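Residue-level listing of the chains:
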Amino acid sequence: MNKVNGKITSVNGNMISVRFDEAVSLNEVGYAILGEVKLMAEVIRIRGTEADMQVFEDTKDLTIDGIVEFTGELLSVELGPGLLTQIYDGLQNPLPQLAEKCGFFLERGVYLDALPRETKWAFTPTAKVGDTLTAGETLGTVPEGIFEHRVMVPFNFDGRYTVESISAAGEFTVSEVIAQLKDSDGKIHDITMLQRWPVKLPITAYTERLRPTTPMTTKTRIIDTFFPVALGGTYCIPGPFGAGKTVLQQLTSRYADVDIVIIAACGERAGEVVETLREFPELTDPRTGKSLMERTVIICNTSSMPVASRESSVYTAVTIAGYYRQMGLNVLLLADSTSRWAQALRETSGRLEEIPGEEAFPAYLESVIAGFYERGGIVTLKDGTTGSITIGGTVSPAGGNFDEPVTQATLKVVGAFHGLSRARSDARRYPAIDPLDSWSKYPSIVDETQSNMAKALLRRGTEIGQMMKVVGEEGTSIEDFIIYLKGEYLDSVYLQQNAFNDVDSACSAERQQEVFGTICDFLEADMNFADKTVARTFFHKLAQTTKDWNFIEMESPEYKQVMTKLETMVAEVSNNE
Amino acid sequence: MNKVYHQVDNIAGSVINIRAKDVKYGELAEVTSRNGSSLAQVIRLDGEEVSLQVFEGARGVATDAKVKFMGRAMQVPFSEDLLGRIFTGSAVPRDKGPKLEENMIDIGGPSVNPAKRIIPKNMIRTGIPMIDIFNTLVESQKLPIFARAGEPYNQLLARIALQAEVDVIILGGMGLKHDDYLYFRDTLEENGALSRSVMFIHTASDPVVECLMVSDVSLATAEQFALEGKRVLVLLTDMTNFADAMKEIAITMEQIPSNRGYPGDLYSQLASRYEKAVDFDTAGSITILAVTSMPGDDVTHPVPDNTGYITEGQFYLRDGRIEPFGSLSRLKQQVNGDTREDHRTIMDTMIQLFSSYRETVEKKSMGFRMSDWDNKLLKYGERFENEMMDLSVNIPLEGALDLGWEILADCFDAIETGINSDILDKFWPKK
Ligand SMILES: Nc1ncnc2c1ncn2[C@@H]1O[C@H](COP(=O)(O)OP(=O)(O)O)[C@@H](O)[C@H]1O
Ligand SMILES: [Mg+2]
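In the order they appear, the protein sequences are chains F and P. Sequential numbering from 385 applies to the first sequence in the working numbering. Sequential numbering from 41 applies to the second sequence in the working numbering.
With the rest of the complex left out, here is chain F:
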């Protein structure tokens, strides 16, 4: 390793300039020495013999001519068994362990191992001596909670390798050698269960990328039925503050039908992450019967934590997601909020005095956002199995106006758009996804002709509602008025979902198919009412009974009873065909 030292020539907020006289590279990590502590920093620009570095810590007390030690390594994370259940900061420091060491506050310059070094893992070899393997192929497995964790040929190994030796089944720590590989030049490489990967680079040890077409059930009706997400797809949730972005992501992180969830709490409230990290260990994952934490990794770089590591945190998250995808798992990455990450870029760009683009965001904002979402996707691995990374990012547009650089750049690259509306959240119509504005390019779990019929009815109902504001109820025909009521009904019993009711908060795909089918029959029924008041009263009653239905477990006998009751209610007001 080349160990080069440099000297600080300027300090401005979290940015330092450093003069060096031997080679350094972009994105290389260096440490600013401050007495006993070392402050981690990353090279983000090089001009002549000066490197501009963003420091991942408070720069208080740094001086001109202070020493910076370059490491020769790019900003990287540790990959290996033991990542699941962890709570990391943006640089992969384990926060609970930091708390044990430092107490209440995040002391600067303290860096701990991301993976526990003492834990022994039960390794079972799957490769044999003499096998030829390439990067990403499996040498053996260890059980990690509910998963079979694959120990793989490091992703940065180019070309073909022959297995020289491999350990028999046994217990090993992540730093013990479990195999030796010989490259084409005959050089022997020791392999442990731990490998490092530079966060800014995607992991590409697979054979091909596929089109995302299999629905990923989130158990939120309006999403799965109307604006679905696919395994390996990407989607965004823009919305003004308080519209429900975070609650929606929290629900998804609990209920989504995926193997692993990586939560990137990026530059927003610490309190929201605390809810997750205190509650997940107590909640059972219905798929496995184990605690939800066992399928979760939390990357937590909240708003008051250093801005530079906020920028890294989304890359740390997507790199860990990529690692588990290599094991043939479906991984969901939820980032809240990508706007904070974009703002971190903006702060850095401002300190570098780069020419600003729109709203002072850097000119390269779009390509950086596109590059991030490109790291999602479903792939065929070298053993023929598939793995996926689905990425969902919230966007926090200034003033709640979607016509701003981060929302616009994101909309260009994602496959589904769940736009939250202030009007809906003010009216407590949760989740406040706007049914008329949102879209998805992925296939739904329900029959598309039906969902299109329902969308058209919603649109028509809204138009009639608007018209009624101008011409009044008396100026509206009873036929139109019924369409309006049907739209409102669909909205209140199906689009809206109670996040705090144990049953309603998660609606399985099977249940959605049945309920939606039933409701579509109601929407298509040719109803007949004496006048508008009778019609309104009927729909009030129908809505209330349907909401009661939503709160009943599908397995209970009452569920079928209420369904029959609803069908009878509708039959009584409908003309027979």
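The set of hints was computed from the structure by calculation and includes no laboratory data. It cannot be assumed that every hint is accurate.
[To be verified] With a Cα cut of at most 25 Å, we get these calculated DMTMM-like pairs of lysine to aspartate or glutamate:
| id | chain 1 | residue 1 | chain 2 | residue 2 |
| --- | --- | --- | --- | --- |
| 1 | P | K404 | F | D810 |
| 2 | P | K287 | F | E742 |
| 3 | P | K416 | F | E484 |
| 4 | F | K949 | P | E89 |
| 5 | P | K106 | F | E453 |
| 6 | P | K161 | F | E484 |
| 7 | F | K916 | P | D412 |
| 8 | F | K931 | P | E381 |
| 9 | P | K61 | F | E453 |
This one's a predicted model, so the numbers in the text were calculated from it and none came from an experiment.
Knowing the structure of chain F, use the given hints to seat chain P with the ligands on it.
Below, chain P with the ligands without anything else, positioned relative to chain F:
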């Protein structure tokens, strides 16, 4: 030995530049001219060029001013003796009490490790139905009052502070009108709360840099009390003045503004203050109630907008009432499930009906015929505005919930409220 320099190269706004060696980033210096002296802080190092932000402003600083570096960053004294006292933004006494110099603590310290936070769980009762029922305030919450100039936000702040059961009240005044400062002081005094309060006051006529320091000084002090196990309530008024002070300084430093002149790090700067609100695992708590005045009554203005993304909700004060729409307590669900079984139902139902009422009012103003349903809504809305929204109403939560049922039953048939059958059976008033 601390070095002393005598040559100031540039003076602009509140920032001066000198050439100096071995200076630490963030270090404090004392700048003395013929006209007096002020503390200053290092905000940029570039080779030998040092930029300093002068707390009392650079007005009157001479090119031959004496600049003496102190080798440490800004600190404030901390002890029980702070209680009942009034200070400036740089922690100099504003009252006639003695200067405190012991047990100095750093300000603007590191953030709390999220793993050491706990989920907030205690409701703060205010006796205001719009808060207690609809947007419950919770210990350790950070919550601003959004209001345009002229609304009685400081009165609301003072009323909540006096009604809340907390151990220590810290008031951080930023750009406060002198009258408002006296109002707070007298109100706390009259209600016997001054002895558990500390005030850090920057008034509109004080130097702008001190405005920036008020929140840091207030919160550093609050943190110490909280670490001793105290429940601390911090009142910050007005955070828009804080943001404007930041804007002023950023412009003098020739930083590229991001939105309407505010610096690109406005969000991070506000967040690092508000995030000091905390419920410590095994110690006390800090609750922050702030005022964010809205220039032009515009929520999309950068200051309220960024604030809304940081805080755990907001109380929207308009025409002397807390507006149900736009107001939000994000922590309410942590506590409103354990108050009374009907709390959430009343909260949801009354707001949904109130939203329908607003639509009806709009229809009515356009001259449409009112249906039976509209008339019911009109009656309901009026009672809601007078008996729930009016800020003079002062009743405990349970009384307010009972009142809610009474109003609903007076105005609607049970079925029209959309309330679930089992709750209706239990709570709907029998006639
Ligand atoms: N699905 C929901 N059901 C009920 N309440 C909700 C829902 N989504 C949001 N809310 C309410 O809105 C508040 C703000 O939601 P949050 O997700 O934090 O907004 P954002 O992240 O968009 O700022 C929550 O604290 C909660 O009171
Ligand atoms: Mg949020």
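Now the hints, each set against the structure:
1. Among the hinted pairs, P:K404 with F:D810 is consistent with the structure: their alpha-carbon atoms are about 21 Å apart, no more than 25 Å.
2. Under the criterion of a C-alpha separation no larger than 25 Å, the hint pairing P:K287 with F:E742 is consistent with the structure, at around 19 Å.
3. Among the hinted pairs, P:K416 with F:E484 is inconsistent with the structure: their alpha-carbon atoms are about 60 Å apart, more than 25 Å.
4. For a cut-off of 25 Å, the pair hint linking F:K949 to P:E89 is broken: about 81 Å separates their Cα positions.
5. Distance restraint check for P:K106 and F:E453: the Cα-Cα separation of roughly 36 Å exceeds the 25 Å cut-off, and the hinted pair is therefore not satisfied.
6. Restraint check for P:K161 and F:E484: satisfied, since their Cα atoms lie roughly 24 Å apart, inside the 25 Å limit.
7. Proposed proximity of F:K916 and P:D412 is supported: the alpha carbons are some 11 Å apart, at most 25 Å.
8. With a C-alpha separation of about 19 Å, the suggested pair F:K931 and P:E381 falls inside the 25 Å cut-off, and the hint holds.
9. Simply put, P:K61 and F:E453 have alpha-carbon atoms about 22 Å apart, close enough for the 25 Å limit, and the pair holds.
In this structure, the earlier hints numbered 3, 4, 5 are contradicted, and the remaining ones agree with it.
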